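Given these sequences and hints, build the entire structure.
Protein chains: 2
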Amino acid sequence: MIKILLDAFGGDNAPKAVIDGAVAALKKDKDLKLILTGKKEVIEKELANYEYDRERIEIIDLPDVIAMDDIATEAVKRRQSSLMGAYWKLKTEDDVDAFVTAGSTGATIAGGQLILGRIRGVKRAALCPAIPNVRGGVTLLCDCGANAECKPVMLCQFALLASAYAKVGFGISNPRVGLLNNGTEEHKGDALRLETFKYLSKMKGINFVGNVEGRDIMLGDCDVVVADGFSGNVALKSMEGCGKLALGLLKEEIKGSKRAKIGYVFMKKALKNLYKRIDFDRYGGALLLGLKKVVIKSHGSSKAVAIANSIEQAAAICRGGLVSRVEKSLAEENWEEIIDGDGQ
Amino acid sequence: MIKILLDAFGGDNAPKAVIDGAVAALKKDKDLKLILTGKKEVIEKELANYEYDRERIEIIDLPDVIAMDDIATEAVKRRQSSLMGAYWKLKTEDDVDAFVTAGSTGATIAGGQLILGRIRGVKRAALCPAIPNVRGGVTLLCDCGANAECKPVMLCQFALLASAYAKVGFGISNPRVGLLNNGTEEHKGDALRLETFKYLSKMKGINFVGNVEGRDIMLGDCDVVVADGFSGNVALKSMEGCGKLALGLLKEEIKGSKRAKIGYVFMKKALKNLYKRIDFDRYGGALLLGLKKVVIKSHGSSKAVAIANSIEQAAAICRGGLVSRVEKSLAEENWEEIIDGDGQ
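If you read the protein sequences in the order shown, they are chains A and B.
Numbering-wise (the working numbering), the first sequence opens with residue 1 and increments by one.
Numbering-wise (the working numbering), the second sequence opens with residue 1 and increments by one.
Rather than coming from a laboratory, the hints here were simulated on the basis of the structure.
A few of these clues could be false.
Pairs of lysine-lysine, DSS-like flavour, derived with a Cα cap of 25 Å [what the hints assert, rightly or not]: (1) B:Lys-255 / A:Lys-268; (2) A:Lys-244 / A:Lys-268; (3) B:Lys-204 / A:Lys-268.
On a predicted model such as this, the values are computed, not experimentally measured, just so you know.
Okay, here's the thing in structure tokens:
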């Protein structure tokens, strides 16, 4: 039985969408228990609208709610909040496996680093979303926002962490790792990229395929793209913006013409498929990689489906044994041989 | 009469697409002269297929061709190449106004900085493409690849240069400038962003609206987005990749279903409009901002339409008096008051 904590008050559509997603996830996975955190009374009232297995939902009353724009380092102190309270439960109870939240990204990262803590040897936790690619699979982008400033050793660890995630979460046996750069040639990039390229080439535990560009995240032949949190975030949000623009304009064009409206009737299914294929939430949320337990940050605007996907994803990662695999990979790499003093 | 140099051997589809585009541009703009550089014999043979005003095309025989992967700093020395030969002509002849090339980006930047030279006071030239946005206009992204590593003063200058370009090239009277960051809050970003934010807030010659995210380039309410060349490049290519993916998947979905194919017949025009609206080449190439004359880098894969658009864009920028406007803006800003020692 997998036991997952769920922040019932995280995200723009909480608690309704979260609870809706929770019930859906329980229906799909009979070997799953959920612990909902938040205002108990409100959660119970909302749950009364559903049919569900009462044995497999527990509620912890944590009445404080962290807002999206609360300062993360302050928010960490609020033990009675649905987010930080969940982190304390996750930290202290051995039989709780994972935590899913659609709450503030900054607060989720801060709680992960400061309350739950990192796997021994991991320098920094990284935010790693799975992005749909042209091959019908996913590309993992790591880091995409947890660390605006990075050292080479951090990028090397991201490569290792995300490779483990690709194996465990998506069954990719020998994930190809690319370094996000402003060109594919070996000499491209700033000092951070040049140094990191050198180190990644020496690592035994990853399958490094060289530099990749922004377009390769969705188009290219790699499974993991390594980036500092600043440029990774820029890449992620640029893709999201472009995808939204393309779909929004398509809607506008269809609405604007009678002929196109007729065409839409015939094309409805094809367009639905398209939407599904470029839906960033299809594979759940972003994994907060490098922590002692599995933490998934679902999109702030998550609806029930996205929440259910994130829960399903968290369960799959727990069952795959991500944390122990990361520990093993870290131990097997000879860091001192790979990275000299400057890269640390 | 505007006189523009055109690298007839730059880009994947040269010389055919370039010459095709040149003839189209001449037909559209009667007050334009073109100087084509490259293998004279080949150009003449290709031109023989067209009807055009012979008075308004000149050819300079420069038989050497710089390849896309030639090292830029080496390429600069090749004075007999269609690219560098054009730069020498641009530098030495007062009545030549601009240069358009679809050749190697690295070589184009190197030639611009080392042969043509920068406007007095400009620290670095920047590559600035116009990206279609949801408002039906453009957002200028500056820098997007010329400078992988930037200091705050460079980003501040990019804001000023691109604002001048927005006014002259696109008639935007008071362009809103955003700083590309990993969040919109003032405290977001790395040291470079934090310091630049402080300086941009103090500048008189720009309309700074604060931090913006990757998605705001296509969706947001700003006209100029300032970035270091590394993250700007990541943003640009991520958007290109996503756009291509969306359109490619749409094609696939239409091909894969009979119903969708019928729908396509009715939706053809709407889809064509959509393609046009997210076509990155529609507004010509990327302007190499900060140089003594107007230089446009058209996409390496430019077809005739993109070349013609780049020529039209170059002519419009020359007529708008970009260079003198940049000189004026630079002189009016009190740099010493804005930027302290560290930012230089």
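Hints versus structure:
1. B:Lys-255 / A:Lys-268: holds (14 Å)
2. A:Lys-244 / A:Lys-268: Status holds; Cα separation ~18 Å.
3. B:Lys-204 / A:Lys-268: violated (51 Å)
Consistency with the previously given hints fails for number 3 only.
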